[in-house]
Amino acid sequence: MSFDLSSVFNDMAKSAANVLGDEAGTVGQDVLKVLQNNKDAIAELVEARTSGDINEEEFESELGRERLVLEAELISLEIMAKSAVQKAMNAAMDTLKSALMATI
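Numbering (our numbering) for the sequence shown: 7 to 110.
Since the hints were made in silico from the structure, they are not lab data.
What you are looking at is a predicted structure, and each value in this text was computed from that prediction instead of being measured.
There's no promise every hint is true.
[Said to hold, decoys possible] Listed next, the in silico BS3-like pairs over lysine-lysine satisfying Cα-Cα at most 27 Å (straight line): (1) K20 to K45; (2) K103 to K88; (3) K39 to K20; (4) K93 to K103; (5) K103 to K39; (6) K88 to K39; (7) K20 to K103.
Modelling step: build the complete structure from the supplied sequences, incorporating the hints.
As C-alpha coordinates, then:
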(Lines of atoms letter the chains of each structure in order from A and count residues from 1; the text may use other names and numbers.)
(Lines give C-alpha, C1' and ligand atoms only; values in the text may rest on other atoms or scores of the structure.)
Protein backbone atom coordinates (compact mmCIF):
# COMPACT_ATOMS: atom_id res chain seq x y z
CA MET A 1 0.00 0.00 0.00
CA SER A 2 1.41 3.39 -0.95
CA PHE A 3 1.63 6.32 1.42
CA ASP A 4 0.02 9.54 0.17
CA LEU A 5 1.75 12.24 2.19
CA SER A 6 -0.36 15.05 0.72
CA SER A 7 -3.56 13.36 1.84
CA VAL A 8 -2.14 12.53 5.27
CA PHE A 9 -0.79 16.07 5.59
CA ASN A 10 -4.29 17.47 4.95
CA ASP A 11 -5.69 15.02 7.51
CA MET A 12 -3.07 16.21 10.02
CA ALA A 13 -4.20 19.81 9.55
CA LYS A 14 -7.87 18.79 9.90
CA SER A 15 -7.11 16.83 13.08
CA ALA A 16 -5.35 19.83 14.58
CA ALA A 17 -8.24 22.12 13.60
CA ASN A 18 -10.78 19.71 15.14
CA VAL A 19 -8.90 19.72 18.45
CA LEU A 20 -8.77 23.52 18.41
CA GLY A 21 -12.54 23.78 17.85
CA ASP A 22 -13.72 27.39 18.04
CA GLU A 23 -10.14 28.63 18.30
CA ALA A 24 -9.26 27.10 14.93
CA GLY A 25 -9.38 30.43 13.06
CA THR A 26 -6.06 32.19 13.55
CA VAL A 27 -4.44 29.40 15.54
CA GLY A 28 -5.45 26.87 12.91
CA GLN A 29 -3.81 28.99 10.25
CA ASP A 30 -0.66 29.14 12.36
CA VAL A 31 -0.69 25.36 12.81
CA LEU A 32 -1.11 24.88 9.08
CA LYS A 33 1.72 27.33 8.38
CA VAL A 34 4.07 25.52 10.77
CA LEU A 35 3.12 22.14 9.31
CA GLN A 36 3.70 23.49 5.81
CA ASN A 37 7.10 24.91 6.83
CA ASN A 38 8.12 21.47 8.07
CA LYS A 39 6.51 19.37 5.35
CA ASP A 40 9.86 18.43 3.80
CA ALA A 41 11.29 17.23 7.11
CA ILE A 42 8.14 15.22 7.77
CA ALA A 43 8.31 13.77 4.25
CA GLU A 44 11.93 12.74 4.78
CA LEU A 45 11.02 11.06 8.04
CA VAL A 46 8.15 9.17 6.41
CA GLU A 47 10.36 8.16 3.49
CA ALA A 48 13.06 6.88 5.84
CA ARG A 49 10.51 4.76 7.74
CA THR A 50 8.68 3.39 4.69
CA SER A 51 11.95 2.50 2.96
CA GLY A 52 13.24 0.73 6.05
CA ASP A 53 16.16 3.12 6.58
CA ILE A 54 14.99 3.61 10.18
CA ASN A 55 13.13 1.25 12.48
CA GLU A 56 10.00 1.97 14.53
CA GLU A 57 11.97 3.06 17.58
CA GLU A 58 14.05 5.53 15.56
CA PHE A 59 10.91 6.77 13.83
CA GLU A 60 9.16 7.40 17.16
CA SER A 61 12.23 9.21 18.47
CA GLU A 62 12.50 11.41 15.38
CA LEU A 63 8.74 12.02 15.41
CA GLY A 64 9.02 13.24 19.00
CA ARG A 65 11.84 15.56 18.01
CA GLU A 66 9.78 16.87 15.09
CA ARG A 67 6.83 17.47 17.43
CA LEU A 68 9.07 19.59 19.66
CA VAL A 69 10.26 21.59 16.65
CA LEU A 70 6.66 22.25 15.58
CA GLU A 71 5.65 23.24 19.10
CA ALA A 72 8.61 25.62 19.37
CA GLU A 73 7.65 27.29 16.10
CA LEU A 74 4.06 27.71 17.27
CA ILE A 75 5.22 29.19 20.57
CA SER A 76 7.42 31.63 18.63
CA LEU A 77 4.39 32.71 16.59
CA GLU A 78 2.39 33.13 19.79
CA ILE A 79 5.11 35.31 21.32
CA MET A 80 5.28 37.48 18.20
CA ALA A 81 1.50 37.90 18.25
CA LYS A 82 1.51 38.80 21.94
CA SER A 83 4.24 41.36 21.33
CA ALA A 84 2.22 42.94 18.51
CA VAL A 85 -0.88 43.11 20.73
CA GLN A 86 1.14 44.71 23.53
CA LYS A 87 2.55 47.33 21.15
CA ALA A 88 -0.93 48.09 19.82
CA MET A 89 -2.37 48.48 23.34
CA ASN A 90 0.58 50.63 24.41
CA ALA A 91 -0.02 52.91 21.43
CA ALA A 92 -3.74 53.11 22.22
CA MET A 93 -3.08 53.98 25.88
CA ASP A 94 -0.43 56.54 24.89
CA THR A 95 -2.99 58.18 22.63
CA LEU A 96 -5.50 58.28 25.49
CA LYS A 97 -2.95 59.82 27.86
CA SER A 98 -1.89 62.40 25.28
CA ALA A 99 -5.49 63.39 24.61
CA LEU A 100 -6.21 63.64 28.33
CA MET A 101 -3.07 65.70 29.00
CA ALA A 102 -4.03 68.09 26.23
CA THR A 103 -7.35 68.83 27.94
CA ILE A 104 -6.00 69.30 31.46
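Status of each hint after checking the structure:
1. K20 to K45: Distance ~15 Å between K20 and K45 Cα, so the pair holds.
2. K103 to K88: Distance ~22 Å between K103 and K88 Cα, so the pair holds.
3. K39 to K20: holds, 13 Å
4. K93 to K103: holds, 15 Å
5. K103 to K39: Not OK: K103 and K39 at ~38 Å, beyond 27 Å, violated.
6. K88 to K39: This hinted pair holds, its Cα atoms lying about 18 Å apart.
7. K20 to K103: violated, 45 Å
In summary, the numbered hints that this structure violates are 5 and 7.
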